[in-house]
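Participant: The primary structure of each chain is shown beneath.
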Amino acid sequence: MSVDKDTVRRIAKLARIALEEERVAPMERELNGILAWVEQLQEVNVEGVAPMTSVVAQKLKMRDDVVTDGNIADAVTANAPMREDNFFVVPKVVE
Amino acid sequence: MSQHASKTIKGETGDWEIVIGMEVHAQVLSKAKLFSGASTEFGAEPNSHVSFVDAAMPGMLPVINRFCVEQAVKTGLGLKAKINNRSVFDRKNYFYPDLPQGYQISQFKDPIVGEGEILLDMKDGETIRVGMEPLHLGQDAGTSLHDQHPDYSFVDLNRSGTALMEIVSKPHMRSSEEAAAFLKKLRAIVRYLGTCDGNMDEGSMRADVNVSVCKAGGYEKFRETGSFKHLGTRCEIKNVNSMRFVQMAVEYEARRQVEIIEGGGTIKQETRLYDSKQNETRSMRSKEEAHDYRYFPDPDLLPLELEQAWVDRIKASLPELPDEKKARFIKDFGISAYDAGVLVGEKELADFYEEMARGVDAKAAANWLNNEVLGRLNRDGLGITQSPVSAAANNAIIRMMGDNTISGKLAKDLLDIVWSEGGDPVQIVEQRGMKQVTDTSAIEKAVDAVIAANPDKVEEIKAKPKLAGWFVGQVMKQTGGKANPAAVNAVLKARLNLPGEG
Amino acid sequence: MLLPSKLTDFTLADARDAVAGKKVSSTELTKAFSKAVTDAKPLNAFVTETPQKALEMAAASDARIAKGEARPLEGLPLAIKDLFCTKGVKTTAGSNILNNFIPPYESTVTQNLWDAGAVMLGKTNMDEFAMGSSNETSYYKPVLSPWRAKNSNAALVPGGSSGGSATAVSANLCLGATGTDTGGSIRQPAAVTGTVGLKPTYGRCSRWGTVAFASSLDQAGPMTRTVRDAAILLRHMASVDPKDSTSVDMPVPDYEATLEKGVKGLRVGIPKEYRIDGAPPEIDALWQKGADWLKAQGAEIVEVSLPHTKYALPAYYIVAPAEASSNLARYDGVRYGHRTQQPIHDITELYEKSRAEGFGAEVRRRILIGTYVLSAGYYDAYYSRAQKIRTLILQDFERAWEACDVLLTPATPGPAFALGEKSNDPVSMYLNDVFTVTVNLAGLPGLAVPAGLTADGLPLGLQIIGKAFDEATVLCAGRSIETAANFTAKPQHWWAA
Chain W
50 MSVDKDTVRR
60 IAKLARIALE
70 EERVAPMERE
80 LNGILAWVEQ
90 LQEVNVEGVA
100 PMTSVVAQKL
110 KMRDDVVTDG
120 NIADAVTANA
130 PMREDNFFVV
140 PKVVE
Chain S
37 MSQHASKTIK
47 GETGDWEIVI
57 GMEVHAQVLS
67 KAKLFSGAST
77 EFGAEPNSHV
87 SFVDAAMPGM
97 LPVINRFCVE
107 QAVKTGLGLK
117 AKINNRSVFD
127 RKNYFYPDLP
137 QGYQISQFKD
147 PIVGEGEILL
157 DMKDGETIRV
167 GMEPLHLGQD
177 AGTSLHDQHP
187 DYSFVDLNRS
197 GTALMEIVSK
207 PHMRSSEEAA
217 AFLKKLRAIV
227 RYLGTCDGNM
237 DEGSMRADVN
247 VSVCKAGGYE
257 KFRETGSFKH
267 LGTRCEIKNV
277 NSMRFVQMAV
287 EYEARRQVEI
297 IEGGGTIKQE
307 TRLYDSKQNE
317 TRSMRSKEEA
327 HDYRYFPDPD
337 LLPLELEQAW
347 VDRIKASLPE
357 LPDEKKARFI
367 KDFGISAYDA
377 GVLVGEKELA
387 DFYEEMARGV
397 DAKAAANWLN
407 NEVLGRLNRD
417 GLGITQSPVS
427 AAANNAIIRM
437 MGDNTISGKL
447 AKDLLDIVWS
457 EGGDPVQIVE
467 QRGMKQVTDT
477 SAIEKAVDAV
487 IAANPDKVEE
497 IKAKPKLAGW
507 FVGQVMKQTG
517 GKANPAAVNA
527 VLKARLNLPG
537 EG
Chain U
49 MLLPSKLTDF
59 TLADARDAVA
69 GKKVSSTELT
79 KAFSKAVTDA
89 KPLNAFVTET
99 PQKALEMAAA
109 SDARIAKGEA
119 RPLEGLPLAI
129 KDLFCTKGVK
139 TTAGSNILNN
149 FIPPYESTVT
159 QNLWDAGAVM
169 LGKTNMDEFA
179 MGSSNETSYY
189 KPVLSPWRAK
199 NSNAALVPGG
209 SSGGSATAVS
219 ANLCLGATGT
229 DTGGSIRQPA
239 AVTGTVGLKP
249 TYGRCSRWGT
259 VAFASSLDQA
269 GPMTRTVRDA
279 AILLRHMASV
289 DPKDSTSVDM
299 PVPDYEATLE
309 KGVKGLRVGI
319 PKEYRIDGAP
329 PEIDALWQKG
339 ADWLKAQGAE
349 IVEVSLPHTK
359 YALPAYYIVA
369 PAEASSNLAR
379 YDGVRYGHRT
389 QQPIHDITEL
399 YEKSRAEGFG
409 AEVRRRILIG
419 TYVLSAGYYD
429 AYYSRAQKIR
439 TLILQDFERA
449 WEACDVLLTP
459 ATPGPAFALG
469 EKSNDPVSMY
479 LNDVFTVTVN
489 LAGLPGLAVP
499 AGLTADGLPL
509 GLQIIGKAFD
519 EATVLCAGRS
529 IETAANFTAK
539 PQHWWAA
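Protein chains in written order, with my numbering: chain W, 50 to 144; chain S, 37 to 538; chain U, 49 to 545.
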């Protein structure tokens, strides 16, 4: 399988990474280089094989329903590029 | 509304059927969030109920809250669904400012709860069986405020990470009334279970409504074949946040679709927003972009494996749910299916009724509750839990009415007194001499006095036995309303030689 | 015990004993290393130096030692890969997108080290978001290897992604360092810089507070000058952490205590699939030498087969970018990190421009690949298939364990290469991890031990792979290689003025 320029644009949009038009062709080449190389996986017979869901044999840990965190709005917002009254601020979102 | 709430719309080209499916997001009642130890409490200062996990700071990892899992299992059992002992959390990837991770941890392929059903009791006595899709347990997003500034939106992550149950029905509803009844019933179930507070004002329960229309007969074919090709294209109406709005949005949307189709247009599958002020739905531009959520199992979590014994323990601890309570009310109290359905619609109401009906005529109690108590609560804008007269006090009043201590008329007066002044109904009856007079000699005396004072009426009644009512009224007046009406009737009959039954 | 002629020549174990025995103070040691760090600026091993903090920590350590309250790593200066969040100290993950990020929390691994008394010298440079095998993808410029080929002044890469840590350890800028390993990022740079690098079993070290690259593969581990030092450091990095759902609930053993058990009777597997076409003959020769060394010490050498080995790297280049594309979605310019200063019209543009400016070319490439393989219609062909192949790879290892206790393989397909040599061809760069990546896919522990030099005088390493949570045996076997190899070469001190 390989990607075309439209697919590259669509993926970049999905990933929210601006891709200038002159970068589309090189990116197409680079991605297709990688995709051509991983193509060899198609020759493996994976019938009846379960996909790996966890590397270690371990049961999922669970917490008790206790409030142990929060009330750190200053720390949570300290690194924000733009904030106001402990809100994060972004350009207006239109619904 | 109800005159519009039929299953078909009469169009210019014939009858159209409405088909409705609902997607409800119900916040799990828990103290802490699904994957972090921050509080779920509503209405806190911005970003104060936020941990570094909820803000998706680099390197933060989720650890699941056992109680939230239990709540989802409970809800599944309440929907008569199979619990899957192995489920997987997936990431649903998309960008939005109030989705800090850039993905929502939810369930996609292997959810915790399988298919279930909800029964709806309609006014006409019909029971509608609504099939339920598997229930997914996931995280809620934060909230964006768009009205604080002309150019900016403000993001608050307090809700981010709160556990959410995604409860989706099959398209098995056929009218706006059924849609509203569905929401009401689902709300009752989760409130009975204590798994969600069902508070639509605070957004802890939110409904999206899928509406489509098809030509008459299409729905039947869909149910027979399971093929969606018999249904029309659906539109999803977002965040319809009250039962009433659900009804109005469905009505509006179905008509809109019929008008478009009959005008030669086609329905575009899209997300629409219900505007309650204008009572209309409109397209949401922001949701127009084709979504590709790139689901995959969250590698920060392992599959969720439940022990059957644990599930069984939860099952054994389930409270009685509306359907079972309704059946019991009908069987034990002999009340009508409709009355029972109304009573169990709210757990507090059902509890109130049960306490009220203890040891008295249950039908009389149901009538009393419906006609007297609910009428007064409605008048005062109060809920059942705020009733000024407790269930026990109402029970005492009904009891006194039943054993003829007080008359029905005085019982209502008594209810008004306790309603406004409080106090123990039994004592009030005692203190204010409201006891019914059943002493025959006293009644005879009063009857004789009325007869003596009204010889003309005595003559008249011989021809018109219906005049007996007038005599009863006079006797009641003489006794200050306390005479037992049955006893008065009996004495009158004997004195005036009236026929057996009158 | 003799003090080395220079304090910075100490091994971690010797420094520990010297500090505990009050032969040298933590402050003296820390000053010596801080000076070495400053002098080594040309190597660009550190993104952030924290000499002030180091001196404060050293003073606190000396106070504890004076009171007789020394902890296991009391007063020992370490370098921390800039992927571990350090409270109040800038943490960049080698990326522009986190250029100004100051974590308000401390990663579990580093907290464990500070709780054991260690001293932080600074944060080491790395490939951006740990994506790279040469440290050339760092926003903060490449790290240089302290090593140079004989008769050459050409700059060499230190490997990656933990290249800053590898250089810092190799050039004696610290007693040891932390690294992280997603496809070989500890072992490959260790091997090409003549140092020891251990990737523990997945789940042994908590991932909490470490910037994520690929969650199912990432694992922190020690980078040191000796196998003993790695054993000591791992014990104090690893822990049982209720904050990481994938970390394991198993007590951490005392790896140092069992280090000298030897390899007598140990069955060492030689996986034939690790013999690859086009590898330099020196690699094969060294591998044979390693087997001979272990055999000479009483180990039994057995040939084993890991038939799916050749699919590991391509499977990795589906799984890792897929997870990364999702893990890196949080860098959106909203709550922290780089936000574009260009004029923007809406939130989508804010995302697109901030992320395009914030991420470097390799990270962007991997996010796009990862987005593609997860997108509708491709999931089964790529991601799901790759995860199935992971299962097959794990099964390969499980079958091998029936015949052997550890595996011996080369650590890398070759020595350090020149700066810029492979940066234009992603796939040839990826091939650097061909021997290390299988271990990540199967979650197993792997140890790179320096074992010899090429004809050009550049270090080469061997790798020991073990069963899950059997780091103790892996370290024992590594110690035996180390003893036999007697690797004493050090890079020329060319960088100091």
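None of these hints come from the bench; they were simulated from the model.
Idealized CB from N, CA, C, for every residue including glycine.
Errors might be hidden in some of the hints.
[Unchecked claim] Partner residues are not named here, just some residues of chain W that face chain U (Cβ under 10 Å, in silico):
#1 54
#2 62
#3 74
#4 83
#5 109
#6 116
#7 124
[To be verified] So the derived label-pair ranges between C-beta atoms look like this:
#8 U/309 to S/67: 47 to 53 Å
#9 U/305 to W/98: 37 to 43 Å
#10 U/68 to S/344: 41 to 47 Å
#11 U/306 to S/67: 43 to 49 Å
#12 W/91 to S/311: 29 to 35 Å
Participant: Name the hints, by number, that the structure is in violation of.
Facilitator: 1, 3, 6, 10 and 12
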